[in-house]
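In order, the protein sequences belong to chains L and A.
Residues in the first sequence are numbered consecutively from 369, following this note's numbering.
Residues in the second sequence are numbered consecutively from 77, following this note's numbering.
Since the hints were made in silico from the structure, they are not lab data.
No false leads were slipped in.
Below are the DSS-like pairs computed for lysine-lysine, each with C-alpha atoms no more than 27 angstroms apart in a straight line:
#1 L:435 / A:426
#2 A:393 / L:435
#3 L:513 / L:435
#4 L:383 / A:275
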Amino acid sequence: MLGTGIIKGLYITAKNFVGTYFNPDERLTTLQYPEEAACIPENYRNFPFLIYDGSDPVEGLRCVACKMCENECPPRCISIVAERDEKGKILKRPRVFELDISVCMGCGICAEVCPFDSIKMDHHFEIATAERFDSLRLNLPQLAKSNEYFRKTHPIDALAVDTKRAEKANKAASKTQSPA
Amino acid sequence: MGKNFLAENLPETTVCSPAEVRPFYDDFHGDLMEISMGPHHPSTHGVFRMDVTLDGEIVVKLKPVFGYLHRNHEKIAEGNSYFAAIPYTDRLDYLCSLTNNWAYVHAVEKLAGITVPERAEYLRIILGELGRLINHVCLVGFLLNDLGTSFTPLLYSLRERERMLDLVEELTGSRMMCNFFRFGGLRTDISADWLARLKGYLEGLFARYLDEQDALLTGNEILLARTQGVGVLSPELAVRAGITGPMLRASGVNYDIRKVDRYSIYERFNFGIPIGAHGDTYDRYMMRMLEMRESVKIILQAIRTVPAGEHINPNAKNRGLRPKAGESYARIEGPKGELGFYLISDGSAKPYRFRIRPPSLINLTVLEEICIGQTLADTVVILGGVDIVLGEVDR
Numbered sequence: 369m370l371g372t373g374i375i376k377g378l379y380i381t382a383k384n385f386v387g388t389y390f391n392p393d394e395r396l397t398t399l400q401y402p403e404e405a406a407c408i409p410e411n412y413r414n415f416p417f418l419i420y421d422g423s424d425p426v427e428g429l430r431c432v433a434c435k436m437c438e439n440e441c442p443p444r445c446i447s448i449v450a451e452r453d454e455k456g457k458i459l460k461r462p463r464v465f466e467l468d469i470s471v472c473m474g475c476g477i478c479a480e481v482c483p484f485d486s487i488k489m490d491h492h493f494e495i496a497t498a499e500r501f502d503s504l505r506l507n508l509p510q511l512a513k514s515n516e517y518f519r520k521t522h523p524i525d526a527l528a529v530d531t532k533r534a535e536k537a538n539k540a541a542s543k544t545q546s547p548a
Numbered sequence: 077m078g079k080n081f082l083a084e085n086l087p088e089t090t091v092c093s094p095a096e097v098r099p100f101y102d103d104f105h106g107d108l109m110e111i112s113m114g115p116h117h118p119s120t121h122g123v124f125r126m127d128v129t130l131d132g133e134i135v136v137k138l139k140p141v142f143g144y145l146h147r148n149h150e151k152i153a154e155g156n157s158y159f160a161a162i163p164y165t166d167r168l169d170y171l172c173s174l175t176n177n178w179a180y181v182h183a184v185e186k187l188a189g190i191t192v193p194e195r196a197e198y199l200r201i202i203l204g205e206l207g208r209l210i211n212h213v214c215l216v217g218f219l220l221n222d223l224g225t226s227f228t229p230l231l232y233s234l235r236e237r238e239r240m241l242d243l244v245e246e247l248t249g250s251r252m253m254c255n256f257f258r259f260g261g262l263r264t265d266i267s268a269d270w271l272a273r274l275k276g277y278l279e280g281l282f283a284r285y286l287d288e289q290d291a292l293l294t295g296n297e298i299l300l301a302r303t304q305g306v307g308v309l310s311p312e313l314a315v316r317a318g319i320t321g322p323m324l325r326a327s328g329v330n331y332d333i334r335k336v337d338r339y340s341i342y343e344r345f346n347f348g349i350p351i352g353a354h355g356d357t358y359d360r361y362m363m364r365m366l367e368m369r370e371s372v373k374i375i376l377q378a379i380r381t382v383p384a385g386e387h388i389n390p391n392a393k394n395r396g397l398r399p400k401a402g403e404s405y406a407r408i409e410g411p412k413g414e415l416g417f418y419l420i421s422d423g424s425a426k427p428y429r430f431r432i433r434p435p436s437l438i439n440l441t442v443l444e445e446i447c448i449g450q451t452l453a454d455t456v457v458i459l460g461g462v463d464i465v466l467g468e469v470d471r
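Could you build all of it, start to finish, from the sequences and the hints given here?
This is the structure we're talking about:
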């Protein structure tokens with residue numbers, strides 16, 4: 369009979385409409401964003417940041433300026449200049465670490481290739497600025513975040529990294545002890 | 077001038093017999109009208125333009141114009157390492173980046189002779205079919221939106237897509253730009269908990285969505301009237317033009333690369349290939365609805381039988397890969413058709429040539445043939461049924 373399909377369809381829409389009252393988890397998916405925050409999974413990645421141990425962002429920085437992330441970054445948005453002492457010898461820490469987040473595409477390759485677990489992907493996404501050049505080029509103080517912050521946002525990953533680093537430190541300590 | 081309107085100046089009225097009464101526009105030989113639909117028309121699914129020449133409301137000529145979203149994808153990939161091209165493939169067909177990743181790593185694995193562990197093959201099939209579900213859910217919603225059913229089927233579809241994207245985000249870290257496949261496997265392993273939740277979702281809410289969408293749309297008289305017999309593509313033309321994917325199968329040609337090439341481990345799964353009979357827009361819609369049910373079948377079989385083991389070949393080199401000089405072409409059955417990558421290596425760390433065969437671009441080439449003789453309103457529906465993503469067409 370002509371029109372049966374339409375009546376059937378109207379029954380479905382009515383069922384969905386009534387269902388939004390009785391079963392909002394299944395039928396309603398809207399979140400009232402600024403008031404209600406979406407649950408961010410641990411794997412979520414936005415832009416990279418640098419981790420420092422302890423309380424001093426300069427001394428505790430894990431980055432050794434090996435430039436592996438700079439070389440692997442697909443859109444080349446990272447630029448690193450290593451620190452040098454007075455004699456021009458390269459020190460194992462960056463003097464300049466700049467990240468242009470207007471170029472960064474958040475692929476996570478830098479975090480994947482970093483051998484020192486220094487660069488990780490951030491969860492923070494409310495980063496709009498009024499100016500689109502200098503304020504989107506993040507420098508070292510803006511990028512460095514504490515290990516406590518990383519533990520809070522990535523509990524599973526941080527635990528794995530911490531145990532790995534503790535084991536490494538133990539090994540290094542026993543090595544220095546054994547020849548002496 | 078005013079004088080002519082005086083009663084005595086009017087011509088004498090004549091009475092003609094009913095046989096002589098003709099519609100007034102038969103005598104009206106106007107010019108053809110050329111209109112430019114797009115590039116910012118909401119029905120063109122992106123920045124795509126159609127130069128349509130109309131006779132009244134009937135299309136007599138149609139010229140598809142694309143290139144507005146050209147981002148130099150192939151050249152960028154040729155300037156980067158093999159590894160760094162993976163996240164760029166996400167941005168080709170941004171609705172289902174998982175299958176794009178797969179096609180590219182498949183080509184590199186063929187070029188460099190990398191083997192993939194058993195478990196990784198199963199997980200790849202699960203993710204690839206999940207990508208197909210996400211794409212088809214989108215297509216069904218947006219096709220109905222093009223028909224003018226403002227929003228209800230679209231929102232039901234996007235609601236389900238959102239649930240699948242939540243799962244994808246939890247696994248890969250990103251909703252659409254997954255960047256999850258690696259040469260020789262996957263970036264991370266997939267937990268049993270995630271697989272169980274995917275299974276629960278596909279058997280529960282997603283199965284209900286498919287049944288509801290079928291009840292809502294498939295027998296709906298308005299949908300039938302608007303899509304049956306619209307945009308008919310003959311199987312001969314489809315084969316000659318190189319059409320692939322659901323659009324080719326809607327024309328009645330039994331050709332699916334999952335069955336023809338037997339790439340990965342698809343021959344171990346029991347699934348059917350839906351074939352259409354008329355090649356019209358309704359058949360194209362039905363292909364997608366039926367394929368979603370087949371994809372769910374494949375995913376459930378794969379989750380049931382996925383073995384333990386490694387998620388990536390430990391000997392496979394991702395960073396700093398330098399394949400031997402040579403060439404390779406690998407193709408997979410993407411949600412839109414044959415998605416192929418052609419690579420030439422000169423032995424260095426960068427591909428010498430990086431070429432993509434995008435299914436939506438090739439499927440667009442018959443747009444003029446299937447639109448001629450239809451009304452302007454139908455071209456919108458036909459374009460919706462072809463299923464294009466401009467990120468892939470323009471690259």
